[in-house]
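Undergrad: Chains as they are written, first to last, in our numbering: chain A, 1 to 340; chain B, 1 to 340; chain C, 1 to 340; chain D, 1 to 340.
Don't read these hints as lab results, they were simulated from the structure.
Each hint should be verified, as a subset may be incorrect.
The list treats identical chains as interchangeable, and a pair is accepted whether it falls inside one copy or across any two copies.
Unchecked claim - SDA-like cross-link-like pairs, simulated, lysine to any residue; straight-line CA separation at most 25 Å: (1) 309 / 127; (2) 149 / 5; (3) 309 / 104; (4) 51 / 271; (5) 309 / 126; (6) 50 / 105; (7) 309 / 114; (8) 50 / 188; (9) 309 / 106; (10) 339 / 74.
Number of protein chains: 4
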Amino acid sequence: MFSFDSDYTEGAHPRILELLTETNFEQTDVYGEDVYSNRAAELIRQHIGKKDAGVHFISGGTQTNLIAISAFLRPHEAVISAETGHIEEHETGAIEATGHKVVTIPTDDGKLRPELIQPVLTAHHFEHMVKPRMVYISNATELGTIYSKDEITALHTFCRESDLLLFCDGARIGMALTAPGADLTMAHLAAHTDAFYIGGTKNGALIGEALVITNTALNTDMRYLIKQRGALLAKGRVLGLQFLALFESNLFYDLAQHANDTADIIRKAITESGFSQLCDSPTNQLFPVLPNSLIEKLQQDFVFRVIQKTDETHSCIRIVTSWATQEAGAEAFAEALAKS
Amino acid sequence: MFSFDSDYTEGAHPRILELLTETNFEQTDVYGEDVYSNRAAELIRQHIGKKDAGVHFISGGTQTNLIAISAFLRPHEAVISAETGHIEEHETGAIEATGHKVVTIPTDDGKLRPELIQPVLTAHHFEHMVKPRMVYISNATELGTIYSKDEITALHTFCRESDLLLFCDGARIGMALTAPGADLTMAHLAAHTDAFYIGGTKNGALIGEALVITNTALNTDMRYLIKQRGALLAKGRVLGLQFLALFESNLFYDLAQHANDTADIIRKAITESGFSQLCDSPTNQLFPVLPNSLIEKLQQDFVFRVIQKTDETHSCIRIVTSWATQEAGAEAFAEALAKS
Amino acid sequence: MFSFDSDYTEGAHPRILELLTETNFEQTDVYGEDVYSNRAAELIRQHIGKKDAGVHFISGGTQTNLIAISAFLRPHEAVISAETGHIEEHETGAIEATGHKVVTIPTDDGKLRPELIQPVLTAHHFEHMVKPRMVYISNATELGTIYSKDEITALHTFCRESDLLLFCDGARIGMALTAPGADLTMAHLAAHTDAFYIGGTKNGALIGEALVITNTALNTDMRYLIKQRGALLAKGRVLGLQFLALFESNLFYDLAQHANDTADIIRKAITESGFSQLCDSPTNQLFPVLPNSLIEKLQQDFVFRVIQKTDETHSCIRIVTSWATQEAGAEAFAEALAKS
Amino acid sequence: MFSFDSDYTEGAHPRILELLTETNFEQTDVYGEDVYSNRAAELIRQHIGKKDAGVHFISGGTQTNLIAISAFLRPHEAVISAETGHIEEHETGAIEATGHKVVTIPTDDGKLRPELIQPVLTAHHFEHMVKPRMVYISNATELGTIYSKDEITALHTFCRESDLLLFCDGARIGMALTAPGADLTMAHLAAHTDAFYIGGTKNGALIGEALVITNTALNTDMRYLIKQRGALLAKGRVLGLQFLALFESNLFYDLAQHANDTADIIRKAITESGFSQLCDSPTNQLFPVLPNSLIEKLQQDFVFRVIQKTDETHSCIRIVTSWATQEAGAEAFAEALAKS
């Protein structure tokens, strides 16, 4: 039984466990001020070419989102998100729990563009409505789609002109940057956002996201804000060491590439079998629309989620691959589709 | 150079890393619904004799405190804490950030007693003041002191009679229960509080606290509340596996015992050298008051924090031992005191 | 120049100022516990036939909404509103500022119905999303439409069955209950909601809304919650006296009737002139769609808001009448339409 | 039966009701942008000599405090208050409900001084504690005491040097400025704080406080923040007109002077009868310590609050006079004391 349920069903890449084990008995500074966290932060700064960036390691994505957004906004300021954005859909009102409204925009593909955002700014014209002050995007999006270099540049320019901060949820940034056809780099993203985060949990880490704040004014007192939300781990090195493992070599990208490659095997089978996707995802989350009868058959051998009915006889399922997905599994699924 | 800086300067007990490694490639359910988290929760329920208790694994202590307190209280309700309580002193206003006031009580030894709490209830008599609704205690306290079985029972009875919830911060509960002279058991604590947590981080885990809710009415929708605060880890098994390692054998208590035993070596030296402690701690945090000249000398060989000046020529320092403290280190410190 | 800008451009009905003046030098109890507030609350309880209802006088509508909603919900619980609902559109994120998400539903006419709400409940199926726990409706709605008796009954039944609270924003409840064709009574509304409020500000008062809580369990500690949000006025009698003036006679309904009657003059002219409304409002807010050229002409003699462009040559305007609107003004506007 | 219960037992000064009545049928702009609110704000700006100050009229004191404090602070920043401060003692956790901790300082007389504040800054030295960022004072204090010109200057200098905002709760600022021996002016206060408010409710208004923000950077988007907390009254003129009445002549100070003068009659009697006060209040709140037997006797003819037992046979009571207190009442009380 192969599982395509999510990219967090396994533990960590072995190099991470190895590094945790190797350094286990060293005594280090605490609360993220240890030598390993510092080294990992420095590697990330070098990698993105922003030597002044604030880099903070935080356990998970929802926590990172709520900390960043509530740290950057005044009480009446709101964040703009696609309707499918993680902060809107799957964080149990975490942003609102910090006092901020999420203003949503319907999209076809989970991506925000200036022309979609402008009407929201126009509509929010006075003090009886929240003041949109930040744009939240995900890359890859929750639908698996990705932003091109030009799209990020355009969003950034628009946000600057509109007095909006631009924040990118990078829970699956590894997959976004290594997807077929992707031309965006992490350095370009860093140079064209105010802050973003690098997702570890879904790309080989046990836990951990790296919040990178390139707009240094926003970095003021961030350790206070991280602590206040309960996110300053006593043994902060646990997070730093994982990012050290991911960034001391090309491991971060290699793992993401593997996730994409195994997804590619399945994607091709979807196309070749004449099926379509909900929208065109080049990353490790696929959303094929399949006949219900086929879905039932596939469920005998594979684990995946049925997302929604699309008509009387078809439904959309979600297939997720990861750094740990075996090619044999992807091929078995592809074969099952081909035989259908 | 031996460090007595804190009980979280090392990584994890080897059994924990071993278990993480052994199970690393298994695919499990996510968000804490995996088999290992379930097994660990079940072990804890059996251990405390409360088969209906809610057990939730959360990354750290501040996060556990803020989730529990904000989940259990209505907006106008407040939590009562000793002035030295962690939620008051060292959580950067985490409780207030969820909207709740912490009402504080000065104490000599960090412990709350009914006769200290009653005047607070009397003073908060009308709707122009918050309504005290919960008592927060720490065991061991932030000063290293512990509660006896009778003291817990008395607090519980008082809280019941006064319509107050009783919540125990157990960041160092292992040390409290294994301290010389301790007569409290975890089962007794569980039976005489509404909720408490079992500290993993300071007792051999990489990260992780187990929030135990024995007042089952309070457990309603807790997974929503944990998620909303960003604390529902995608790879929840990372937490569950650690508590499995701690509770599948006597490991949890053995580690705490070791921390207390090494502290005992130093405690005896303090007494024998004629020095006093700030207050009488039987656990792994010691607060000796020493001559400044001696402190300077000790700093050449040992790492520890200077907490406060007590007079012109003396200061109070904090010595913390842990499951990983080497006896040789404790003995070296004891010897240095003896020679002074 | 007649103004149809809003129903709060004037001060108060003279009876209110008279009563404030008559009682001005009496010394009364404070914070809303005075004899006049008590008497007004009692009149309201009698009027709705709910002798145990909690009745609280609060300065304004946004404040009433935020107090009620945040008092009734736990942190992870959300309120469902029409997209046009006041809490969603025009309260600057007041509800989110108390920590709660507003889940919105698009509607044609500003009204919620069970068949619109059910899909929201179905979609919110697990702890990664907020838990819908309250339905917020406005009557009259922000589009001027009203609920019938049967519609309120059906909503109430649905909410009971779905474990949802039902709360009605009654900023313009007077107009809703006296509209042509209305069959709903305040007693029926009270019997079929958990709480609602009676709008004073837009119906002849200087300030003030009466929050009525008929689900008495929800009334627990409400004075604490009102105080905490800064809404417990020291001279609470100022609010109580106004509702006394409105409910000691039929004044509350008479004023609303007048607002509706003057709107009716204009509504008929809209129809007779062959124009349509955005949606069919029987109350004191009208939304006619008019040629831009006509709008410009009308602006020379009348004050009103242009709400939105509907096509290249037409726009929707908002006309609001009130207890203080002079018939001559309404007739002048009607005439101007007729001549167009 | 004369009442000295509080300074808000009556309605408004007649000039206020007169002005409300005179202008009642005028149609004005709404939400505080009417001509009267603008005129009143302008009068206040002229009065304090700060032509750029933001002036916002808000219903009550708790609301003003919570709006100002939550608008000015980032989430991890805290406000420092005397233990007797209104925000700490009698606002039901309103500040904490906006997410901010109140850090308290014990005082003898309700007044903060640099030497009391400095140790708090020293103690809050790292990110595990909130960051003190604002000093909250009341003038007159909750104990009736007042700040001199030099004391305000010294506090201001200290706050500037320490990167602290200075905010003054002026619920009874009228009485503070007209007290015997007072040398502070409102202009001096305005020049030496970042914001303060002028209390109307306790000095002749029906409702209303004027929040004055002289640090103009803090005034950004204040109307959003006022609206979000439910404090932007639709008929905002109701507040503006009252402050117009108070500041178009010397009425504001005359009313406060009257309150102080009638208190003076009683104060002298306290002293002449050989009784002491809890602390030395020169304003309209007196806290004499009297024999319990005398208190019982006085209660037959006068209404006042018993604040606390001071020893077995004595208690402290609170006597409050106001703009509406009759001299005959004060004299009757003085006489009763003299006869004791």
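Undergrad: Failing hints, ascending?
TA: Per hint list: 2, 4, 6, 10 violated.
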